[in-house]
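Trainee: Sequence:
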Amino acid sequence: MSRVLLISRSRKFESRLRGLLDNELDSIMGRSLAQGASVAIAGLGLDDAPDVAMIGPSVSYAQAYELSTALSARYPGTGIMLVRDSGPGIEKWMTDMNVQAVASPNLGDTALIEAVAGLRDRVHPVAGPRDGHADHARPAAERPTSSPNVDVFDDLDASADNAEEPQITLPEVNSDVGGDGARSGPAILGQIIAVVSPKGGMGKTTVATNIAVGLAKIAPMSVVLIDGDVQFGDVAAALSLAPLTTLPDAVSDVAASDAIVLKTYLTPHAAGFYVICGATSPVDGDRVTGDQLSDLIARLSGEFRYVVIDTAPGLGEHTLAAIERSTDVVLVCGMSVTSARGLRSHMAALDSIDILPRSRHVVLNFADRDSGLTVRDVESITGIPVDVAIPRSRRLVLSMNRGVPVLQDRTRDSVAKALKAIVRRFDPSAPPEKRRLHRRAVV
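Letter by letter, the sequence shown follows residues 592 to 1034 in this note's numbering.
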């Protein structure tokens, strides 16, 4: 048996497999896996590719997705097997991930070894059958329905002594098609949401990060947040992330030519979405062009149900590229005369070049009674209705300093209600009146 790599959180399964494969098994377990897929895989040598890599059991959807993507990019010739029980949602795992086989952890010892050998022989064919493995593949009639080109080995030979703890299955993604037509691959809605503001300090990043957190509850692992402020983006700080890769990496030539490589540059967030963080310095950010950002947005919209973009203030090249690609635009305004006038000029400029999408959502941030203005005053200045008003609160500042978005906490205050009202506008399951009425949360 050639070398096998196991990536798992189950010590019980690892011990069992080591007893079957002896010195042919390498493993990445709990502590190393906790550092993230990129770090775990980076510790492997480029010239030390395993014949078969097994992911699971006891690995979450997010981890399995990231691991399968990183492994297939680093070792294109390695066969990847998902170790997971067949059940509700397994088709989504098989469709979304770069795996060639799925095996139940409850397979008997002989069946498990045959499954590993079968995948090895499939990706590394040899002349003639190997001893003991000539008939490793089970008849197609005995296999569950699966995605094309994915072998499924069920637990018909399972032993009760080998049972693992149940796996967590995430909800299915809505299969409706958005945009201009049908897309291949996983079910994607492809909604692109640009969060913009004429001036800095209006709370764009706060709104964008909370939208991403809220949408991730609707479509787990089907949301990606892009920090489109190429020079001074602070999404990473707002989410308390320390990314290994940033926006310049995601628009590099190698990422632009390979969707699998692009996915390895995404940073997962604990709330169930992915992030492309801003450059670590303005100099690095300046290398990203508006066309590169536009192309990145378009490619991600073909892979994810929601793409959220936190843009730079004003109407620079990158912000215009994001707005032009977007299906929805969230316009953030402060509760002051200067901010309201700035938004009116901002809208007029965008209307003059005809790139604003029809779906526009106006968010009034820092709303309070002590400003001397009312919501209707702001609407009178801007000439457009306010959809959601977020009350001024020290909690917003605290959440940014902690790196934990408000919607990531289980709170029900007025700030959380206002932010949830924004998210509902993009939830297709919400009643139309919950999505379209103005002033859903006005102080």
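Careful: at least some of the hints might be erroneous.
[Claimed, not checked] Subject to a maximum C-alpha distance of 25 Å in a straight line, what follows is the list of computed BS3-like cross-link-like pairs (lysine-lysine):
id, residue 1, residue 2
1, Lys790, Lys1011
2, Lys808, Lys603
3, Lys1008, Lys808
To be clear, the hints were calculated from the coordinates, so they are not data collected in a lab. The structure presented is a predicted model; accordingly, all values stated were derived computationally and were not measured.
Trainee: All hints are to be evaluated individually against the structure, with a verdict given for each.
Mentor: A quick look at each hint next to the structure:
no.: 1; hint: Lys790 x Lys1011; in the structure: 24 Å, holds
no.: 2; hint: Lys808 x Lys603; in the structure: 32 Å, violated
no.: 3; hint: Lys1008 x Lys808; in the structure: 15 Å, holds
Checked against the numbered hints given earlier, this structure breaks only hint 2.
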